[in-house]
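There are 2 protein chains.
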Amino acid sequence: MNYNIVIHNGTIITMNSSLDIIENGVLCIKNGNLAKIESLENDAPLPDGETIIDAQGGIIMPGLVNTHTHLPMSLFRGLADDLPLSVWLNEHMFPAESKYITPESVRIGTLLSCVEMLLSGTTTCCDGYFYEDHVAWAVNEAGMRAILGQGVIDFPAPGIPDPADNIKNAAAFIQKWRNISPLITPSIFCHSPYTCSKATLKKAKDIADAEAVLFQIHAAETKDEYVRIQTEHQSTPINYLDEIGIIDKNALLVHAVWLDDNDINTIAVRGASVSHNPESNMKLASGIAPVPALLKAGVTVGLGTDGCASNNNLDLISEMDFAAKLHKVIALDPTLMDAVTVLKMATIQGAKALGLDDIIGSLEIGKKADVIVIDTRKPHLVPVYNPVSHIVYAAQGSDIRDVIVNGQLLVKDRKILTVDLENTIEKVIRFSKTV
Amino acid sequence: MNYNIVIHNGTIITMNSSLDIIENGVLCIKNGNLAKIESLENDAPLPDGETIIDAQGGIIMPGLVNTHTHLPMSLFRGLADDLPLSVWLNEHMFPAESKYITPESVRIGTLLSCVEMLLSGTTTCCDGYFYEDHVAWAVNEAGMRAILGQGVIDFPAPGIPDPADNIKNAAAFIQKWRNISPLITPSIFCHSPYTCSKATLKKAKDIADAEAVLFQIHAAETKDEYVRIQTEHQSTPINYLDEIGIIDKNALLVHAVWLDDNDINTIAVRGASVSHNPESNMKLASGIAPVPALLKAGVTVGLGTDGCASNNNLDLISEMDFAAKLHKVIALDPTLMDAVTVLKMATIQGAKALGLDDIIGSLEIGKKADVIVIDTRKPHLVPVYNPVSHIVYAAQGSDIRDVIVNGQLLVKDRKILTVDLENTIEKVIRFSKTV
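Protein chains in written order, with the working numbering: chain A, 1 to 435; chain B, 1001 to 1435.
Quick caveat, the hints were computed from the structure, so don't treat them as lab data.
Warning: the hint list may mix true and false statements.
[Said to hold, decoys possible] Straight-line distance between alpha carbons at most 27 Å, and here's what the computed BS3-like set of lysine-lysine pairs gives:
#: 1; chain 1: B; residue 1: K1296; chain 2: A; residue 2: K378
#: 2; chain 1: B; residue 1: K1249; chain 2: B; residue 2: K1296
#: 3; chain 1: A; residue 1: K415; chain 2: B; residue 2: K1412
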């Protein structure tokens, strides 16, 4: 059999259910799928492949899954730092978005974000923003896999001057992107329980159910939100959303910081998933999501970077390091959130949170070929006693050498092959001079 | 005037007392010192220089100062993770050190650590370990600036089978390294108040005072230590050390996690400095140092990575990100530990903590030329609205392009010029196979 791509001479971290790690591994890709994953016997010949990639003793693993982004916001990276979330959002981000977010800027910001993510090992992201149709075309052009939702908010927003049109736009996006690309899965994204009315949330949920798509929502992010929902609805944010019928197995609850025990139980019993964004929650001082308790209750928790303006990067390698270390020190327990648990959150659990774990998130025969190769021949990555803890605690995004999505080689020796990076950077710099 | 090195076409972050940022900057180095720092007028010719470095629109800034390392421990990076500090130290690190730490392994581990640090922008470190003489030769060979202390501990240690010799060895190290190299400043390093007796601590302090060198000590790192010192000495660790006379302006208190208000006041009044190591404290779940309170009290606080086995890297760029975000979320105050405060900790305040702020830590005429150039033409570093927050929140260690220490170019286009990296990596890998 002739394969499209053969990767060899590396340690394969499969992230399959037995967490197999294969030394001197060879991984073969055929028609976009994983066709062979095994250890190469001594002196055995390499399988035939149109493209042969020598991992040079590095690590071969599943591409990372970023469960929460706002892709075009890379345009505002570093525009307003060290500010309270309400000031940051109301006095900086919302005004900047209303002034500068256009189809063309959305396209450029999305391309920039896709390149940043691919170069740091992320092969799938889950996004919600405005002009999401333009986000989708840019993601597809970059060659990434994504779940994308047109943003729903009860204010005038970029591209939707009349909020009465927000649901209609979001529904049209789902219809349009159902069958355009194998990489793009449409979704719906309601901004939050405090920026969408109960009627809007209900309508959006009905569409999500009718179309069987993921329902993304920022929920229980800040203390302000918690207090506001308590005041307005005499309920916790999670309980309020549950009463509307939103907390179920198609819901992705983003942040989920301000939870009581009952909320954790509700999320677990309903089978909803959580996107944990520690760097954003820390930088904006939103609070600390009770992730160890969520995991103990059996909730599927993926990792997310959040938008670039609140992080200020889209690097899941760094996000893993933060997730592992934050919860250890809060509980004064260094055994919590061990490296394997965190790597699962960034791969197979993230895929499960998005409903994509049957096709991605681990290296298993028959799954889609979303694969990354890490170059470990660097001073900060030797020696290697434990490749998993290496990825979580020692690696940087820039250690990712090659990236394959859906069987297509997108990054080769740290060069992005699908996007004109120089041109994109020029356009972003030109954009920033107008802000 | 002809300069040795001229760096131009970048934004200079001076970190001087007015925090000047110079657009289109030119920085000139002569005989190891900073000789000119200014904005290049339009059409003005570049100053003459033997070596001209084009920063290509990037950032030119002072080299970073890592106030706490155990350089040879890079040999044990990832050997034992997700464990309590006492288990990690007593069951893994101390046994590994006693078995594998030799003059030759110390040399190799130190070279590896120096390359990792230089490639991530650190130009000065403060270290304490065993066989420190071999550490010093390797640091000097790599061309880094360092404050180095031979470790003092009341147990048999690598190179000092009889602890009765520990002070004598440490004193001999100070004598020997007083005048060998302009890069190396000797110091003394007592492991901790629970591994050194009162008599040992007193003798070490007497030597530090007589020789006018920095006294480094791990202090108030864990709750276990706090409880133990309370039980044995009816005192907090800081108060106990103060009673011995150790807390003064020549003391560098490493970690300083378990402090009460009185301890903070003692540190401030005595003029001692603190080395804050957030990633190590988080990974080992030691606790959270009250850094905002220390800063408010006027204490000089520098940043440190700690040894590689407890981090698992020596990357101060990442350490800044952790320091900024950790304290914000703990206090639920995003304005705390803003980017400038944190960058000061990694540069001029770190230099001050080590007593080197008259010669390094900022870019000012007459200071030693310890300079780094950051390549910002990367997808995760555009656009640039605020170069300081960019370094703290968006950059990676691998964005450092060029590194100069004491006027010598050590890293050029990410290639280390002073160490045979391939050979060092080979030796480290060979070492790791014996562990």
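Legend entry - Proposed proximity, B/K1412 with A/K415 (alpha carbon, max 27 Å): With Cα atoms ~21 Å apart, A/K415 and B/K1412 stay inside 27 Å; holds.
Inset, instruction - Measure nothing beyond the straight line between the CA atoms of B/K1296 and A/K378; if it is 27 Å or shorter, mark the hint as holding. - result: Violated, at about 39 Å.
Inset, instruction - Take the C-alpha atoms of B/K1249 and B/K1296, compute the straight-line distance between them, and say whether it is at most 27 Å. - result: Satisfied, since the Cα-Cα distance of roughly 18 Å is no more than 27 Å.
Checked against the numbered hints listed earlier, the structure breaks hint 1 alone; every other hint is satisfied.
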